[in-house]
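Colleague: Here are the chains, one letter per residue:
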Amino acid sequence: MFGYLRQRDVIITLTKYEFKLRYRGTVLGIGWSLLAPFLLAVVLYFVFRNVFRFVENFALYVLVGVFVFRFFSVATSVGMYSIISKANFVTKTNLSREILPLVTTLTYFFSSFIELLILIPIIVIFGGKIGMYILLFPVIHIVYLIFVYGVNLYLSAITVYFRDLNQIWEVITNILFFASPIVYPIRVIPKEYVNIYMLNPLTRFIELYRDVMIYNTFSINDFVYVLISSLLVFISGHVFFRRLQRKFGEVL
Amino acid sequence: MIKVERVSKKFKLPIEKRYTLFEEIVAFIRGKRDFVEFWALKDVTFNVKKGEIFGIMGPNGSGKSTLLKIIAGVIYPDSGKVEVRGKVTPILELGVGFNPELTAKENVYVYGVIMGLKKEEVKKRCDEIFRFAELERFKNMKLKNFSSGMYARLAFATAIATEPEILLIDEVLAVGDINFQRKCIEKIKELNENGTTIVVVSHSPEMIADICDRAMLLENGVVKAIGESKDIVGTYMKK
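Protein chains in written order, with our numbering: chain A, 1 to 252; chain B, 253 to 491.
No wet-lab data here; the hints were simulated from the structure. Idealized CB from N, CA, C, for every residue including glycine. Honestly, I wouldn't trust all of these hints.
[Said to hold, decoys possible] As a list, the in silico EDC-like pairs of lysine to aspartate or glutamate whose alpha-carbon atoms are at most 16 Å apart:
1) B:K439 to B:E471
2) A:K20 to B:E442
3) B:K269 to A:D9
[Stated by the list, open to error] Per the computed footprint, the stretches of chain B lying under chain A, defined by three or more beta-carbons under 8 Å from a beta-carbon of chain A, are:
4) 271-277
5) 333-339
6) 361-369
7) 460-474
[Said to hold, decoys possible] Some residues of chain A that are not near chain B, with every Cβ distance over 10 Å (derived):
8) Y4
9) V51
10) I172
11) I175
12) Y225
13) H238
Input sequences plus hints: build the corresponding full structure.
Modeller: This is the structure:
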């Protein structure tokens, strides 16, 4: 099932050029991609700063939340097209089809990694505590990659059959934005709902990033939770994709 | 070696192709879920020996391309069995993944790895690919500035640089001018002498007669004849 992961040359080469085309090889390319989420974070900060005055370093809290969520929302909204936008890879070559969503996910994984690295100096300037735990950031990011890739396996396969999935997914992404602790702290969630609220892996991911990037702590519980749920999404995504991919060659 | 045993493939063509959940729901409510069924291939049996050049001919819509796609593993048969021993390189379309915004050289890298080469191998063969395509001067030109002939030559040169064990070719030999076509055919013969098994789908009787050892005639998804390529071409021409 995972044999295709050994085709490293194809995966790396395709990712490299997809990345290159996305940013057209310019340094400013990344700059532009930072601008929109940055402005969003600033707006959200000014809207909510009086409400959540008690949150430690609320500006950074929102900033990291927005950027962490962004990897998920952007990578899935583009990743869902990864099969249909490259239909001739599917109908005219015998390339393993999983490679297409993987390449798109990897491309956004790297841009998100760079974006978060750029945040680090900003975090230092605005008084975030950066310490030893920051070293765990790449590890968390890789687990996040596994999660997002799993989701993209589902989405890209379904999109082959239902092209209007994007309409539905846009709504779901918006709901998830407000169902995750991005602009508010978890403690505003009523006690009886906290258990359900914490089922959302995105919540745990966002908390993990904040812990290591702003507060210099680490929750092993959260980490184990995201690791297990990511692996579940990843493996079930493969099973799902394999089943749907048999008809790809005819439907596309 | 390729062994195809009693392969059948049925296509269901919806009268109106539905791409979205919304259209699916509308069609369901209206109770209109009709489609046309037809057999693209029916009980097709043949085999290709190792080191052979095998031709598949037939009129439009006879199932040639479908058959090639099944051997390539792009689509799956409804019944029957396909057994392929060796690594298959299908050339069903030239230049899959070519991107107009990348340079010719970058595109060779992308296409080369898609066709199954290692990155190192593309690097090693890059010069040879450009020499064969007669495009050495345009290595660093963006592909969007290429003419369609240049595009096809570059793609073909890259595709055959993979030294495949089994090569499947679908009507893509008619690229470039006469000289280049001749060169392609020479190259295919050369690959074959070095042990590559080749399956060619073509409309051109001359080409089948020229390069193939054996051939098969398909009509409406049914095998009409298999045998020496010259005999098969004769049968085809008589119709």
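Colleague: Look at each hint and say if it fits the structure.
Modeller: Cross-check of the supplied hints:
Taking the CA atoms of K439 (chain B) and E471 (chain B), the gap is near 30 Å; set against the 16 Å cutoff, the hint is violated. Of the pairs offered as hints, the one joining K20 (chain A) and E442 (chain B) is violated, with about 37 Å between alpha carbons and a cut-off of 16 Å exceeded. Between K269 (chain B) and D9 (chain A), the direct Cα distance comes to roughly 37 Å. Violation of the 16 Å bound is thereby established for this hinted pair. Coverage of the segment 271-277 of chain B by chain A holds. Counting CB-CB distances below 8 Å, 5 residues qualify, and the rule asks for three or more.
Check on the segment 333-339 of chain B: 0 of its residues sit with their Cβ under 8 Å from a Cβ of chain A, so the three-residue criterion for coverage is violated. Taking a C-beta to C-beta cut-off of 8 Å, the segment 361-369 of chain B contributes 6 residues in contact with chain A, enough for the three needed, and the coverage statement holds. Here the segment 460-474 of chain B counts 0 residues with a CB under 8 Å from a CB of chain A, which misses the bar of 3, and the coverage is violated. For Y4 (chain A), the requirement that its beta carbon stay farther than 10 Å from each beta carbon of chain B is met, with the minimum near 12 Å.
No beta-carbon of chain B comes within 10 Å of the beta-carbon of V51 (chain A); the shortest separation is about 38 Å. With 10 Å as the threshold on Cβ separation, the claim that I172 (chain A) sits away from chain B holds: the shortest Cβ distance comes to roughly 14 Å. Listed as a non-interface residue, I175 (chain A) keeps its Cβ farther than 10 Å from every Cβ of chain B; the least gap is roughly 18 Å. Distance to chain B confirms Y225 (chain A) as a non-interface residue, since its nearest Cβ pair spans about 32 Å, more than 10 Å.
The beta carbon of H238 (chain A) sits about 18 Å from the closest Cβ of chain B, which is more than 10 Å, so the claim that it is off the interface holds.
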